[in-house]
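Chains as they are written, first to last, in the working numbering: chain A, 1 to 266; chain B, 267 to 593.
You may find that some hints are simply not true.
[Claimed, not checked] Simulated pairs of lysine to any residue, SDA-like, Cα-Cα distance not exceeding 25 Å:
id, chain 1, residue 1, chain 2, residue 2
1, B, 285, A, 172
2, B, 299, A, 96
3, B, 428, A, 18
4, A, 2, B, 299
5, A, 259, B, 285
6, A, 259, B, 341
7, B, 307, B, 590
8, B, 428, A, 88
9, A, 2, B, 440
10, B, 428, A, 96
[Unchecked claim] For each label pair, taking beta carbons as the anchor points, the in silico distance ranges come out as:
id, chain 1, residue 1, chain 2, residue 2, range
11, B, 591, A, 180, 22 to 28 Å
12, B, 274, A, 260, 18 to 24 Å
13, A, 17, B, 310, 47 to 53 Å
14, B, 282, A, 47, 51 to 57 Å
[Stated by the list, open to error] If you want the footprint, here are the derived chain B segments under chain A, 3+ residues with CB under 8 Å:
id, stretch
15, 307-313
16, 327-340
These are calculated hints, taken from the structure and not from any lab test.
Given the structure is predicted, the values throughout are model-derived calculations rather than measurements.
We treat Cβ as the ideally placed atom computed from N, Cα and C, and that holds for glycine.
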Amino acid sequence: MKAYLSITRLKFAVQLQYRAAAAAAFFTNFFFGFVRVMVFQAFYAFSSLDQPLTMEQAVTYTWLIQVTFRMQPYWGDTEIMQMIRSGNVAYELSRPLNLYFFWYCRLFSSRLMPALLTGIPVYITARFLPGGYALSPPDSAAAGAAWLVSLFLALLLGCAISNLITISALWTIAGDGMQRIFPAAIMVFSGALVPLAFFPDWSQGLLKLLPFSGLMDIPFRFYLGTVPASDILTSGLLQLTWIFIFILAGVWTMNQGTKRVVVQGG
Amino acid sequence: MPQITVEELRKSFKVPERKGGLFSSFKSVVKRKYRTIHALKGVSFKLDEGELVGYIGPNGAGKSTTVKIMSGILVPDSGKCEVLGRVPWAQRQEYVRHIGVVFGQRTQLWWDVPVIDSFDLLKDIYRIPPAAYRRMKDELVETLSLQSLLYMPVRQLSLGQKMRCELAASLLHQPAILFLDEPTIGLDAVSKIAVRDFIRKMNSERNVTVILTTHDMDDIEALCSRIMVIGKGTLLFDGDISRLRNTVIPERVVKIDFFASPLRLDYPFARLVASDDNWAEFRFNPTETSAAGIIELISRDNQIKDFVIENPPIDEIVARIYSEFDL
Numbered sequence: 001m002k003a004y005l006s007i008t009r010l011k012f013a014v015q016l017q018y019r020a021a022a023a024a025a026f027f028t029n030f031f032f033g034f035v036r037v038m039v040f041q042a043f044y045a046f047s048s049l050d051q052p053l054t055m056e057q058a059v060t061y062t063w064l065i066q067v068t069f070r071m072q073p074y075w076g077d078t079e080i081m082q083m084i085r086s087g088n089v090a091y092e093l094s095r096p097l098n099l100y101f102f103w104y105c106r107l108f109s110s111r112l113m114p115a116l117l118t119g120i121p122v123y124i125t126a127r128f129l130p131g132g133y134a135l136s137p138p139d140s141a142a143a144g145a146a147w148l149v150s151l152f153l154a155l156l157l158g159c160a161i162s163n164l165i166t167i168s169a170l171w172t173i174a175g176d177g178m179q180r181i182f183p184a185a186i187m188v189f190s191g192a193l194v195p196l197a198f199f200p201d202w203s204q205g206l207l208k209l210l211p212f213s214g215l216m217d218i219p220f221r222f223y224l225g226t227v228p229a230s231d232i233l234t235s236g237l238l239q240l241t242w243i244f245i246f247i248l249a250g251v252w253t254m255n256q257g258t259k260r261v262v263v264q265g266g
Numbered sequence: 267m268p269q270i271t272v273e274e275l276r277k278s279f280k281v282p283e284r285k286g287g288l289f290s291s292f293k294s295v296v297k298r299k300y301r302t303i304h305a306l307k308g309v310s311f312k313l314d315e316g317e318l319v320g321y322i323g324p325n326g327a328g329k330s331t332t333v334k335i336m337s338g339i340l341v342p343d344s345g346k347c348e349v350l351g352r353v354p355w356a357q358r359q360e361y362v363r364h365i366g367v368v369f370g371q372r373t374q375l376w377w378d379v380p381v382i383d384s385f386d387l388l389k390d391i392y393r394i395p396p397a398a399y400r401r402m403k404d405e406l407v408e409t410l411s412l413q414s415l416l417y418m419p420v421r422q423l424s425l426g427q428k429m430r431c432e433l434a435a436s437l438l439h440q441p442a443i444l445f446l447d448e449p450t451i452g453l454d455a456v457s458k459i460a461v462r463d464f465i466r467k468m469n470s471e472r473n474v475t476v477i478l479t480t481h482d483m484d485d486i487e488a489l490c491s492r493i494m495v496i497g498k499g500t501l502l503f504d505g506d507i508s509r510l511r512n513t514v515i516p517e518r519v520v521k522i523d524f525f526a527s528p529l530r531l532d533y534p535f536a537r538l539v540a541s542d543d544n545w546a547e548f549r550f551n552p553t554e555t556s557a558a559g560i561i562e563l564i565s566r567d568n569q570i571k572d573f574v575i576e577n578p579p580i581d582e583i584v585a586r587i588y589s590e591f592d593l
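Whenever a hint applies, use it, and build me the whole structure from the sequences.
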């Protein structure tokens, strides 16, 4: 157990060294958030129909996407994937550990820390923008609490997805395939491109059941208050189910992978 | 009972193969050709506790594959391998606690944090009790003189400094067996000697079994009493160095300095290999004649100033084996 804590701690410490990266990420996230907010403003200005979200809600949703950007599983663990490509993974395999959970802990730190380092500044800055551009506070205290719980589950889910992407590199060596399929699916089905509320009614049920809504849309709906905080039990269970499925898939893939491993480069 | 038993170990890899050029690249999209490489074709040996064995062979002979199977990283196709009473790949997680591994061409240290952070992580990974950890760390720091390196980020260390840290890292948990895969690769003379001294010390003082693969014959000569030579996936020789010499090149070398140009250099039983104004090198077979006899014969005709008798360089012996078996 201590080993897993230790790797989490060390990875935290490493992340803290990258101050310039955090600052750069802050500016890009903020800039892109601003652009997307302006797109929404244009959309609402020229739309005469009733929309599923108010403009304030859409703008807040957009900022929340930016705030949580760096915790999303758009990539696997690039360091581990590099180790697989170069053959350095041999050392990882010579450790008395459950490699799945060891790598999971690495991911947990390398997702949480950057998310905090850039997410919090983006959140605070966006809160104090002039009206129309600003990130609104959570709908209620209960909504805020449900949001935090749901967001934590989203982080765990994201790490499970990331780990599966990482482990897939044991097969494909380059690991690019999974690394492209997953982000595309995440972009569309999590709400990162367009909030899921804007999708056609017939697709709503399916979208919610897919694993990707648990990364952004479910937590964000709690924040906006468009679903009651009491829904946390059912949606939390849904997120937990997907976390469990992705962990199982990852563990299985890892076990198969280590049986047929070939160490690159002699 | 031997500590390591390897019997009839086999392992093959499937590698995609194609001719160079764009056309064959297209062809391989449709139909991929694989070639099976037999890395190990039935290797067997036994090792006892506390042995220091050199495992040599040309590139691609199967050295690293054997080491990776013994350290639980690769799964063989068939054959038996038992180390410390365990099957490495089947009981990997429990087994690797008792071994240490160093791959000379790779690194286990965290690149962008001080060395000590990597050590502390290993302490938790191997669940080393704090007192034992402190004692072992202090001893390793002392013998490998790491005092000034511990608090430097790994990326700023030289290759030799890094290798010393790698060695320390793989011994923190006091393994019973140490697998060293080319630990001296790329090191300068001073670092090589430091690494060798350390390996010798760990072997003799802590009775750690060491399996060392290398291309540096000086490593072998300095360290190993037993050598295993592997080529094309089979074990060609297993025994001590002197037996290897006697079977491959049983000759001895005599190098002689003369006071003046030698008058005569052709003698029975002593083959002249090279000579200069007042210097000559002979080879002789100790089963046919004795060193004293040769020196005596030569000193009758020439004035000998100084002489040395030595074994042919181990490099030459190994090159001879490789060429004999067409490796």
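Quick rundown of the hints versus the structure:
no.	hint	in the structure
1	285/B / 172/A	22 Å, holds
2	299/B / 96/A	37 Å, violated
3	428/B / 18/A	23 Å, holds
4	2/A / 299/B	47 Å, violated
5	259/A / 285/B	30 Å, violated
6	259/A / 341/B	6 Å, holds
7	307/B / 590/B	19 Å, holds
8	428/B / 88/A	15 Å, holds
9	2/A / 440/B	19 Å, holds
10	428/B / 96/A	23 Å, holds
11	591/B / 180/A: 22 to 28 Å	48 Å, violated
12	274/B / 260/A: 18 to 24 Å	21 Å, holds
13	17/A / 310/B: 47 to 53 Å	49 Å, holds
14	282/B / 47/A: 51 to 57 Å	54 Å, holds
15	307-313	violated (count 0)
16	327-340	holds (count 6)
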